[in-house]
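Chemist: Sequence:
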Amino acid sequence: AESVSQLDDQVTVTEGDPLTVKCTYPTSGVRFLFWYVQYPNQGLQFLLKYFPGDNLVKGSFGFVAEFNTSQMSFHLKKPSALGSDSAVYFCAGRDTVVGCWES
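FYI, UniProt numbering numbers position 78 of the sequence shown as 78, with every residue one higher than the one before it.
Hints should not be assumed to be uniformly reliable.
What the hints assert, rightly or not - Label-pair distances were calculated between CB atoms; the ranges are: (1) Q38 / S70: 19 to 25 Å; (2) P26 / E66: 16 to 22 Å; (3) Q42 / S70: 34 to 40 Å; (4) P52 / A87: 23 to 29 Å; (5) S70 / G16: 16 to 22 Å; (6) M72 / T12: 30 to 36 Å; (7) N55 / L7: 18 to 24 Å.
As the list claims (entries may be wrong) - Each computed EDC-like pair below joins lysine to aspartate or glutamate, with the alpha-carbon atoms no more than 20 Å apart: (8) K77 / E66; (9) K78 / D54; (10) K58 / D9; (11) K22 / D54.
If you are wondering where the hints come from, they were derived from the structure by calculation, not from laboratory data. A virtual CB, placed ideally from N, CA and C, is assigned to each residue, including glycine.
Could you build all of it, start to finish, from the sequences and the hints given here?
Modeler: Next up, the structure:
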């Protein structure tokens, strides 16, 4: 099973500033990573997925994530945060979401 770590319990940014939500993984053998978001009073929504070979991944709602093998990270980023980005964000490894490839 692949495990991931989200380093920050809470991230606070000013609207219009860049937003980064950090995710790291403990092994260089990780193959598939995902980001999900849960907006207030809504269910989980798929944002993006990483498959080997595509290090910069574009997702929904203007988010991107970069797979960095040297830092073993897959941080979620948005160049300009909106008030509507206030939500809970989840990073997941493949084994926690097997077979769930689409939103």
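Chemist: All the hints need checking, so say for each whether the structure fits it.
Modeler: Structure-based check of each hint:
Taking the beta carbon of each, Q38 and S70 are about 30 Å apart, not inside 19 to 25 Å as hinted. The hinted window of 16 to 22 Å between P26 and E66 holds, with their beta carbons roughly 18 Å apart. Separation of Q42 from S70 is about 35 Å and conforms to the stated range, judged on CB atoms against 34 to 40 Å. The given range of 23 to 29 Å is respected by P52 and A87, whose C-beta atoms sit roughly 28 Å from each other.
A C-beta distance of roughly 30 Å is found between S70 and G16, which places it outside the suggested range of 16 to 22 Å. At about 25 Å, the beta-carbon gap between M72 and T12 misses the expected band of 30 to 36 Å. The hint said 18 to 24 Å for the Cβ distance between N55 and L7, and at roughly 20 Å that hint holds. A distance of roughly 8 Å separates the Cα atoms of K77 and E66; the hinted pair therefore holds under the 20 Å criterion.
For the hint linking K78 to D54, the alpha-carbon distance of about 18 Å falls within 20 Å, and the restraint holds. Distance check on the hinted pair: K58 and D9 sit about 24 Å apart at the alpha-carbon level, beyond 20 Å; violated. Between the alpha carbons of K22 and D54 the distance comes to roughly 19 Å, so the proposed pair stays at or under 20 Å and holds.
Against the hints set out earlier in the document, violations occur for numbers 1, 5, 6 and 10.
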